[in-house]
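Build the complex from these two chains, which are given one at a time in their own frames, with help from the hints.
Letter by letter, the chains look like this.
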Amino acid sequence: MDKLADFYQVSVVLTGYNRSRLMATGIGEEYFEVLTSLVPGKIIDELFICSRALAHEYKGEALNEKFREQILSNDRLGPVARNILKMWYLSLWYQLPQSWRETYGVPSQTPGKYQDIDFVISENAYIQGLVWPALGSHPMGAKQPGYGTWAFKPGEELTRINLGTDHPVSDIEEGNLS
Amino acid sequence: MNNNEHFDVVIVGAGISGAIMAQELGKNGKSVLILEAGTGTGGRFFSSDCDAPSQENSQPLSSYQTYMSTFFTALAKIPNAPYPNNANAPQPLVTDLAPIPQGQISDNGYFVQTGPLPFASTYTRAEGGTTLHWLGTCLRMLPEDFELKTRFGRGLDWPISYDELRPWYEIAEQNLGVSANANEQNYQQIDNPAVHIPFAASYEYKMEKIPQSYLDQYFSKGLAQMQVSFEGKNYPIDVVSTPQARNGMPRGDYRPVGAVGHETAGQRCAGNSNCVPICPIQAKYNALKTLEQAKKTGKVEIRTQCVAYQLETDEQGKNIARVHYKKYQSSDNPDHQCHAVSGTIVVLASHAVENAKLLLASNVANSSDQVGRNLMDHPTMLTWGLMPTDIGAFRGPGSTSGIPSLRGGEFRKSRAAFRIEIGNWGWSWPEGAPVGTVPDLIDEKNMFGEQLKNYIASVYPRMFRFGFLVEQLPDANNRVTLDDNYRDQLGNYRPVISYNVTDYTRAGMAAAKEVSDQIFQRLGIEGFTEYKPSDAGYLTYRGEGYSYNGAGHLVGTHIMGDNPNTSVVNKYQQSWDHPNLYLVGCGNMPTISTSNPTLTMAALTYWAAQNVLEALNPC
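In order, the protein sequences belong to chains P and X. In terms of my numbering, the first sequence is residues 1 to 178. In terms of my numbering, the second sequence is residues 1 to 619.
Hints are supplied without guarantee of correctness; some may be wrong.
Lysine to any residue pairs mimicking SDA-like chemistry, simulated, CA-CA at most 20 Å apart [what the hints assert, rightly or not]:
| no. | chain 1 | residue 1 | chain 2 | residue 2 |
| --- | --- | --- | --- | --- |
| 1 | P | LYS59 | X | GLU450 |
| 2 | X | LYS453 | P | ALA62 |
| 3 | P | LYS153 | X | ALA457 |
| 4 | P | LYS143 | X | HIS262 |
| 5 | X | LYS445 | P | ALA24 |
| 6 | P | LYS143 | X | THR73 |
| 7 | P | LYS66 | X | GLU444 |
| 8 | P | LYS153 | X | LYS221 |
| 9 | P | LYS143 | X | PHE46 |
| 10 | P | LYS153 | X | VAL459 |
| 11 | X | LYS453 | P | ALA24 |
| 12 | X | LYS327 | X | ARG487 |
Since the hints were derived computationally from the structure, they do not count as laboratory data. These numbers were taken from a predicted model, which means no experiment stands behind them.
Chain X on its own, in the form it takes in the complex (with noise of 0.2 Å):
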């Protein structure tokens, strides 16, 4: 290998965005390569011993079996479970999370949180990125949560429409595999236009909506009609099913993508209920499907375990000149070379966090000052309980339905929006039930045989819970710092992260709170949340305690903007101060809003993809 290296397109990241750009660009005939800081996959479903490690990497190829048989023995069955611990790239666990106390750092995992409260989400450094342990839902953003600063006063406008990113919407759309029906997911049908979706009007989803579960169906029946009243205004609560990236019924002659391995993995959804951690036949997208597709264009090179750590500048410091990175043999020993490369254009795709990490690193693209800033989240209050009856729990995807009928209106002026997410599969996520409950009953409540089963088969499929994604708003003292203290095994930074939550996401959270209350009044929901201040997501709004959750969406950190001295990039997703950077990832949106993120940021990314062809290909 040697430092002059030329491509047009040098991608740090091989997750869903790094994706995306790869696959387009190679497609247009441009030569593109990608780095990866953490491991392959392999290209495999199964191990085989006709796989030897080739010369350039020593460790034993992966498989994403490999990746099954290691969730299915790991004792903590967390997102990040079944993908490789690796600490020359390591990464955020769920079960690093702990309160921080009062004026203390907590730095006990791969993030050093100086608080004061933590920030709670986790994503994955291998190839394939955090859609490996993605649930799949792809909603769009409404609106109104594009113009949040005109229409409400608070939070940031966006430098764009929703009516300029809907055309790069139904692309996502279509690449990733979304299942659902565009009749239902514009809303039309929930009496708030505040949440109405404009859809074209031919628009139609390559693949029919997912069915919805059994307690999706119970809880449409049971609320039928039922409103909620907000500032002296009523809004109804409707049940509708969610967009979700899972393979289903296909829609004329559209079929069904898969990824790695063998050509039938890849097809409809079977039911496994396991889309996170890891969704075992891959009928759920996740970015290796992108990646295969960028590998055929045969312009595409992916370099795994290459570790981009600094971006240099020509001497005018205007464009990135070289792309340095550390190439390392194996996850377990720190032991790496360094090389660079460069590119026409580089384009970061590392993750929200990463991107800003290598960027402060570099001391690049941070005129405003806002690289790093404004990381949100959607903290996720749990609420749970025991329907009145046998509603099937434990079965199907994670979600197949939700209440997206409080994601907009007035009320955004005093407190925070937020979504109902139905979840299938029961306690799991509050109590990790039934294998981190079950041992309760057998060692406390002195169950065994014939009464330990009975009970199980009658209290366990009657377990549910809600999910309340609260939206947050972009906040500069929530960020992501370095430290020269704080550094991993290869010597590159780990994030500092500073993070609060703040009173109009916590009345959000008080909001939520009542709504469910309500929900399980109405239908006589036996009641078991609990909120505890050894709960690391614990706080308090008006005397009351919550708990939120992460949810895994990690937005901000480089947001688009119309003014460079406010925003890292414009609405090309071009740098203001590099014009031959572009930065895509959830990391580029200036408010986080109530759905999740990943179809907006896909949506973006295939318009920045435009944006960098256009840039090689000047008229």
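Isolated chain P (complex conformation) (with noise of 0.2 Å):
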């Protein structure tokens, strides 16, 4: 089975965002690289293997439901598929909590690319965030949404000033878009 299909699809169901959306962030390769390097593989694959099967037998509210029970609870694969969900909203590796790390850490961690310490995964990272876009904005200080779109009606196509006839000319020269 493609590993990083099976990342994806756990993905989905953590993040609430599909699939093409994930994958057009440019971004999961590098995620599901930490990942890999962080936790022992025993424990990918059974985060891997029981989120396809829950999602394989339930949909909807059944599949949440059936993933808080078999996966955010338990002790092993919860921690891990929370850093999952927060390296996608939130750019950050978080350390895994003290518990887990002392049952589950990978015993012979060698100084490498990656460390299970809190830290941002890259540049690229931080402007792919999935919190921006949640919150109906972009990652303070990229993807400028352009001049004065501030003054737009939360929700207003931000890539264009509206010419309607709904606002005089004159307020749009005082930049009173509303």
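In structure tokens form, the structure reads like this:
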């Protein structure tokens, strides 16, 4: 089985974003690399197999309930799943909980590209964080929406100035678009 | 390098006031040397393999884009996050802040804080200075702000009036590139004559006002006709666009100015929502813009990684004969060489705290015993809540409007005035949202999937915060001193700061909280404000707790005045003690009042540059 595909499958359930949207970030493989560098392969396999089996059997709210029961409340899989979710939304890897590390941490973790500490995964990861589209804006410091867009009513199309009849020209000149 | 180098003017500090001074003198043909303690920017936007490090500087050359990369990958995106942590020119960080236990000293950062309260503001020690991460707010002071002692029996009077400074405000607004409409910024529309600011009849800003955010418009509508009452007198609540040194729509043939790198950097603001800590496109003014113009005069040399540590006087103790500095090769390594230069005139432009430090370390300019004293800030109290509807939080410049109608009035006899800043970035300041708050939704509120996404979509766009910039009066005990026990790795002093907030300011915070409560009640805003004793800036007033934050507005430390016994510089910003020494920056301001001080500092510095020029060219 393609483990990257499994990673996207579990990520879709965790994030609430569909697979196309996740792949469009261009950052999934990097998250996958971080995950597989820091979490023992056996635990990742267990998570993927469990998630795929649940998704095969359940849909919608039933899937969410089973996901909580089988994965999120599991002391071995839950912290890993939450870290995957936090990577997608916040672009950060958070150090796994101490109790998890004592029980399951990779014992022979050598200094490598990644360490199990709090870190921003990469510049691009920051820019692709899903929390920004979720809250209806753009990552602070990137994906600039354009001059004056902050004056628009939230949810309006951000890429063009609305020249509709609702806005007298003088208002537009003042920048008071509403 | 030899120790007999001479320049018309030696400037310490390559921030905004040093840059203004250098440009003004350079374009008038004066030879200028700027000594900058921190590292440089390399004059470029993108890093490039073609740019080999020069022999002069063995460190890899920096670039503005490197600052961006550092910002993106910084865990704590604090104001200084993009800029180098340089042990040879250390700087204060907000993450150093903590409550100071009674009778103890907090020295875990650059500042050595003796309390009783922590001084909460920070600054940046690198080429470009703190303008690299300022917000860009460019308010003028009120006429009454120059006469607090005469009119209210509080603080100090300035040795100059608003009318004297007005032409210099105009020059500063033009050169910093301020976007605003004069017919709003004169506040004539506000039904409180105390805040009216006379503008020259024909004056207009070079760029149109920055569009007000949707949140601003929501407040404008919701607070129309609102009044509050202080001491039996009614005052209006008016939402007014804030003048900003941020590129907008030019008027006439004015063209916005860029800074380092590609010529297209620095055009109109594109809504990156990141003025603090770093504007990716330099649409916001920073001092690199003025430094670029200064260098183009061909008369200005900037030496980075050169920390001035002593001013040496001539044998009579009258003039500053030489400026001694330490040149280091790498910020990781304290190895350095000592050099000295002389200037016909010496200008200290290294920031309020650093100017005071250098003067105290050199034992000069202090016959008044006022050097380092009267340190002020705007203790900034936040209130925050959820609006009843989506107001599009986390969009646009950090603040595009404020409520300036309570900046002045008779109440200043009994308590501090304040300006209200409307924040466009949700709870990013009070709570660290979203990156600081979403982990709680996942780990403690146990959300995931659609539920998490929908919760964020329904709550975060409604987040908003006010900032109340409360004035603080000059106080001789709020001060910077030196202690031989506290030095940095180059052997230079670290600032020892004692600081408190008086009841005058605390009463202003209490009044501000009442105004906030009334606005929340009027608009049905769900309040989430919480002041905790564990906050570094927690204090009490009449049994209620409040917390302040640093505004980054470090004022005082070498105040100007009419009397050499009670001030450090005269109205020309010249040291009373040493005729060839000029001090510039916010350190000269005798009071802070309610405006962010950068524009006033810039106006004063243009004036000081004129004074230096006249001193060099006596009639």
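Hints and how they fare:
As the CA atoms of P/LYS59 and X/GLU450 are separated by approximately 13 Å, the hinted pair is consistent with the 20 Å bound. Restraint check: the Cα-Cα separation between X/LYS453 and P/ALA62 comes to about 18 Å, which is no more than 20 Å; the hinted pair holds. For the hint linking P/LYS153 to X/ALA457, the alpha-carbon distance of about 15 Å falls within 20 Å, and the restraint holds. In summary, the hint linking P/LYS143 to X/HIS262 is supported, as the alpha carbons are separated by about 19 Å, within the 20 Å threshold.
With a CA separation close to 28 Å, the supplied pair X/LYS445 and P/ALA24 exceeds the 20 Å bound. With a C-alpha separation of about 16 Å, the suggested pair P/LYS143 and X/THR73 falls inside the 20 Å cut-off, and the hint holds. With a CA separation close to 19 Å, the supplied pair P/LYS66 and X/GLU444 stays within the 20 Å bound. The hinted pair formed by P/LYS153 and X/LYS221 meets the criterion: a straight-line CA distance of about 14 Å does not exceed 20 Å.
For the proposed pair P/LYS143 and X/PHE46, the alpha carbon gap of about 18 Å is at most 20 Å, so the pair holds. Between P/LYS153 and X/VAL459 the alpha-carbon distance is near 16 Å, which keeps this suggested pair within the 20 Å criterion. Between X/LYS453 and P/ALA24 the CA atoms are separated by roughly 18 Å; this keeps the pair inside 20 Å, and the hint holds. As the CA atoms of X/LYS327 and X/ARG487 are separated by approximately 17 Å, the hinted pair is consistent with the 20 Å bound.
Consistency note: the structure conflicts with earlier hint 5 alone.
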